[in-house]
Structure formats: structure tokens, C-alpha cells
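Visitor: One line per chain: the protein sequences are A and B, in this order. Residue 214 in my numbering sits at position 214 of the first sequence, and the numbers go up by one each step. Residue 238 in my numbering sits at position 238 of the second sequence, and the numbers go up by one each step.
I should point out that these hints are in silico values taken from the structure, not numbers from a laboratory. Glycine residues also receive a C-beta, built at the ideal position from the N, C-alpha and C atoms. Some clues are possibly wrong.
Covered by chain B, according to a simulated footprint, are these stretches of chain A (three or more residues, beta-carbon under 8 Å) [what the hints assert, rightly or not]:
| hint | region |
| --- | --- |
| 1 | 15-24 |
| 2 | 42-53 |
| 3 | 90-97 |
| 4 | 270-281 |
Read off the chains here:
Protein chains: 2
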Amino acid sequence: MVILQDVRDAAARLDGIAHRTPVIRSRTLDDIVGAGVHLKAENLQRAGAFKIRGAYNAFSRLSPEQLARGVVAFSSGNHAQAVALSARELGSSAVIVMPEDSPAAKLDAVRGYGAEIVVYNRYTEDREKICRRLAEERGLTLIPPYDHPHVIAGQGTATLELLEDAGELDAIVVPVGGGGLAAGSAVVAKTLYPAIRVIGVEPEAGDDTLRSLAAGERIAVPIPRTIADGQATPIPGELTFSITKRLVDEIVLVSDDELRDAMRFAADRLKLVLEPSGASGLAALLTGRLAPVPARIGVILSGGNVGAARLAELLAR
Amino acid sequence: MVILQDVRDAAARLDGIAHRTPVIRSRTLDDIVGAGVHLKAENLQRAGAFKIRGAYNAFSRLSPEQLARGVVAFSSGNHAQAVALSARELGSSAVIVMPEDSPAAKLDAVRGYGAEIVVYNRYTEDREKICRRLAEERGLTLIPPYDHPHVIAGQGTATLELLEDAGELDAIVVPVGGGGLAAGSAVVAKTLYPAIRVIGVEPEAGDDTLRSLAAGERIAVPIPRTIADGQATPIPGELTFSITKRLVDEIVLVSDDELRDAMRFAADRLKLVLEPSGASGLAALLTGRLAPVPARIGVILSGGNVGAARLAELLAR
Chain A
1 MVILQDVRDA
11 AARLDGIAHR
21 TPVIRSRTLD
31 DIVGAGVHLK
41 AENLQRAGAF
51 KIRGAYNAFS
61 RLSPEQLARG
71 VVAFSSGNHA
81 QAVALSAREL
91 GSSAVIVMPE
101 DSPAAKLDAV
111 RGYGAEIVVY
121 NRYTEDREKI
131 CRRLAEERGL
141 TLIPPYDHPH
151 VIAGQGTATL
161 ELLEDAGELD
171 AIVVPVGGGG
181 LAAGSAVVAK
191 TLYPAIRVIG
201 VEPEAGDDTL
211 RSLAAGERIA
221 VPIPRTIADG
231 QATPIPGELT
241 FSITKRLVDE
251 IVLVSDDELR
261 DAMRFAADRL
271 KLVLEPSGAS
281 GLAALLTGRL
291 APVPARIGVI
301 LSGGNVGAAR
311 LAELLAR
Chain B
1 MVILQDVRDA
11 AARLDGIAHR
21 TPVIRSRTLD
31 DIVGAGVHLK
41 AENLQRAGAF
51 KIRGAYNAFS
61 RLSPEQLARG
71 VVAFSSGNHA
81 QAVALSAREL
91 GSSAVIVMPE
101 DSPAAKLDAV
111 RGYGAEIVVY
121 NRYTEDREKI
131 CRRLAEERGL
141 TLIPPYDHPH
151 VIAGQGTATL
161 ELLEDAGELD
171 AIVVPVGGGG
181 LAAGSAVVAK
191 TLYPAIRVIG
201 VEPEAGDDTL
211 RSLAAGERIA
221 VPIPRTIADG
231 QATPIPGELT
241 FSITKRLVDE
251 IVLVSDDELR
261 DAMRFAADRL
271 KLVLEPSGAS
281 GLAALLTGRL
291 APVPARIGVI
301 LSGGNVGAAR
311 LAELLAR
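Given these sequences and hints, build the entire structure.
Guide: Right, here's the structure in full:
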């Protein structure tokens, strides 16, 4: 289980490590949505996404012996950078298992934080097996991307800050991938304000949590084909699903085109660079998916790691 | 003259109107520059640029009679939106004189704030003459874009906030167009910290202030051809130049390519959308134009009104 106090403990550990990102308002957005919208700009977070919150919180709770031996993580995305950066902050070391066809910019970013990269062929090799082997051979501890109570508690700190800064809200809108951010956010929001609506957003192609909630059990979908690479998980985590099942009120879906429109809105009006997953909450609002529209809405803009060249492609019509 | 107290008065008037924009840090940027850099994100300001500060401050000091009659302003850019938004906030009205070939997005934005637009042909008509005629015929008051003490005092509030949030700095880096932001910033910075270096940045093609400071008098250059449309002024203002001459320590120049690189850096690493002028201070840092490098540097990221389509063009290689 994860409770509010775990999130508060994580917040204390993250003090001075993670940025307290700003909560941004836009009257244009308020007018379009017909509500007061509070945007938690986690794209301005260190390493460009909320992921440092969970990764660092889990990492920092390892024993001195574990820290000395280092960690291993598998991710082609924001969790990789978050673990690499956390290793540097903690004076530990990290091995990141990444697909050999990862974008050079992502490999460079992870290497830039001083982590060791082990590449694998995503069509012929099993990354979890590689991780287990590395863990056994070299005594490394695995830092999972979402399905761990310390990771979930860390991710919850984004919503804790949002509610501290914005005050009571009627709803929070949170991207759902593996479910770590959604689970941590739901624990915080429902404990502080039991009547709050917790709304998760998934890409249409990756609606595993929507299906799982409908079925009452974890359902796998085919590997999602979506521009929202941060939400391309085929099945909810075990622990995250046990929390979202209890605390998330609804899931709404957004299409890739709607994500692009939301990214455009963010660039045009908010002057923020969002990666597709980072724009999914905004897309839910702009497309009118929330009915009835809550009066005061918090939205986690979860990340901005898209890269200038890819951003240019996605913004072009 | 403009003194610190004028800026403090402006800050009080702007309370609840202008956003207190965040000061953003980036360790990546600090490492590249070899300094502690504090970025004042005025691209996140209302109407997308610092201009609301000066426009609203000047506008709000008009008499009830003047407010009832309304104002006139000429601008194809951020000042137009700032005056239009200020008119709405003050329950007054604004006529904006804009080139007939202005981008539709800019015309729409001004119209969206409820202002009346009068278009002119920039090759055959004199916009100042049109403004004077409108002012006489309809009793409108002109809100100038930079050369007015209330405008300068308003713009200074950005640097006042920056220094309040960041503490003492060794240098501030400020884009220079007509000179309103630079003059207001210099008044604040030099009064609070007399030893601070105030560094202005101009586009290479629009080096009128650099030339004017070298000559000791206002020098006009041909209409600058630069992507930095916010700094495409051919001659410093009279009042602004009398202040920059006294308080600005140096001017550095950046090329259009360097502005594009800085915009790319902002999108890649800071997750911020900057318009070319808004990136000029960052460009000065990234290109190593500041020698010796001050230990603690404040930079005004002055605006982000570039539009998603144009942004995509400028980011593409």
C-alpha cells in the first residue's frame, strides 16, 4: 500500500533534488474549457519529466551497500534519464538497458548523466532477462519504472505540490502509462479531498487501463502504436492497478491527432514544449472529454522530452 | 527620469494583472556557460511577452476621461496585444494600427482581446500620421511602445522580480529593441546593485543601440532584416537612450543563426517556446559572448509569440 504519509516522506527526500515546478494559468485556456485550469508544468522538471520524483525516491531508500553496488533499469525514455540522474546525485552508479535503435539524443542524454548503457535488440532479446542477469552478475538493484511503492509515492509529490499551490480542486487529470503517476496522484488527491474526481488519460491505442478497469482485472493490449511513447505500456502494473482500481474515477482516451493539437496549443498559447504524453491531459480538456466540466481542474503536464527536430515534425501540419 | 520607486509603483499597479513569471534554472545550461544562470521566463507572461508590464502601467495612469475615450497604439507585435489586453482589463478601449500584411494569427490575437484594428499599407502610408489623426479625431491617447517613462517603469518590474527571486546577481542580460526593457531593467539593477553588469543584446542586423552608444548619440540603421522581429527597431528611443547611455555597460550582437540555435536549445533542454527576440539573451550566453563570464547571471527571456507553425520552420534544420 501507498498512503499520503509516504508521499510526504518522498517530498522531504526530494527537497533540493527535484524542482518545485510552477503551476501555470492561462485565461485563454480557462475560457475554452469553461473552468479554472491549473497546469503543473512537469515538463520543466529536471531531466524533463516527473520521472525523477519516483526514481530518486526509490533509489535514495537503498542501503549503503546497495548504493555502492549500483542499480539497473530498463527504459528507452524518461525513466532512463531519471535513474541516470539520480545515480549521479546519490554518488551511486546506474546501468540502463536500452533498445539499440533508441534515438541518439536519448542515448546521449543518459550517457551525459554518467550512466552505463547496455543495448539490446528489441525484436530478438528480452530486456527483463538482461536486467535480471546484470542484477545477479553484478549485484545491481533494479529500479522499476512504475510498479513499486516508493516509485508511486515519489510520483505522487507532483500532485501534492499542485494541491498545495492551487488549493482545493474539483478534479485532477493525469496521464496514465504504467500507472505510477496516476496511482500516486490518486492517493494524494483522494486523501486530501475525498470528493475530488481523479481522471486518467490514455492514448486510444494504449487503452489497457480503461479495459482493465472495465473488466475488474489487468488486461493486456497489443504493443500500442501511438506518438505518446511515454504511455505505450500494454498492461497496467500490478500494484498501480490495485490503486487505480480503487481511486481513479474514470479514464478518457485521446487520439494521436488530438495530442498533436494539444502540443500545438501548448506551443502557441502556453509557450511550453510538451512531449505527446505530456500533452494528453491538455488534450482531454481541449476536446471536451470531461463531462460535466469540473469548476477547478488540475492537470499534470508530465514531460517535455520530445527534441526540437521531432517537435518541428509534430507541430507542422 | 525613471527611478526605482517608479518601478515599485508599477509593480503595485501590476499586482493581479501581470503574472509573476517563474525564474527557471537549468544545470545543463549552468555547466555550458560556467555560471549560475537565472532565466526570467517572460514568455510565460500574459499575452506571451513582458510588454503587458509597460503597456498596462502607462494605460492605468490615464485619467478617467482619457480611459473613457480610449487609446491608440501602433505595433505589429507584442505591444499590440499588450495594449489590447490592457484595454480589456481596464474597461477601456483600444485602436491598434497594424500593417495590412500582418500575420493572421497576430490580427486574430489582437481582435480576440476586443481591440479595434486599423490597417495600413506599410510601403505607402505613415503609421504615426495615422495614429495622430485617430488621436485628434477621436480623442484617443497614444500608448507608445517604449519611449515613455511609465512604459519603461513597467518593463523594469520584470527585473525587479528576477532580483527579488534570485538574490544578488553579477550581471543581467536583456534584449534591446527600442530599449524600454533594457532601460527599466538597468534602472532597477544598478540602483539595487551598483556593481552589477548590465548587458544588452541586439540582433546583428539591428545594432542601432551599439552604434549609438559608440557614437554617444542616437544613430539610425536601415530597417533591420532579422528574424528577431521584436528587436527590429532602426533607432533607439530618446528617453530610453538617455538611460541606456548612462546605465547599460555593453551591448553584444547575435546572428539569426545563433538565435535559431538558442531557440532549439530552449525547446530541447528548457522545454520553453521562445520567439527569436526572446532567445537573444540565451544566444549571447550559449555563444560565449560574455567575457569574462559573470558568476551569477540573470537573463530575461522576453517573449514566446512565434506561433507553432513558424516555430516548426525555425526549429527545422
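Visitor: Using a Cβ cutoff of 8 Å, are there at least 3 residues of the region 270-281 of chain A near chain B, or does the coverage claim fail?
Guide: holds (count 5)
Visitor: Does the region 15-24 of chain A contain three or more residues whose Cβ lies closer than 8 Å to a Cβ of chain B?
Guide: holds (count 3)
Visitor: Take the region 42-53 of chain A, compare each residue's beta carbon with every beta carbon of chain B, and decide whether three or more fall closer than 8 Å.
Guide: holds (count 4)
Visitor: Count the residues of the region 90-97 of chain A whose CB lies closer than 8 Å to any CB of chain B, then report whether that count reaches three.
Guide: Contact hint for the region 90-97 of chain A vs chain B: violated, 0 residues under 8 Å.
Of the numbered hints listed earlier, the single one contradicted by the structure is hint 3.
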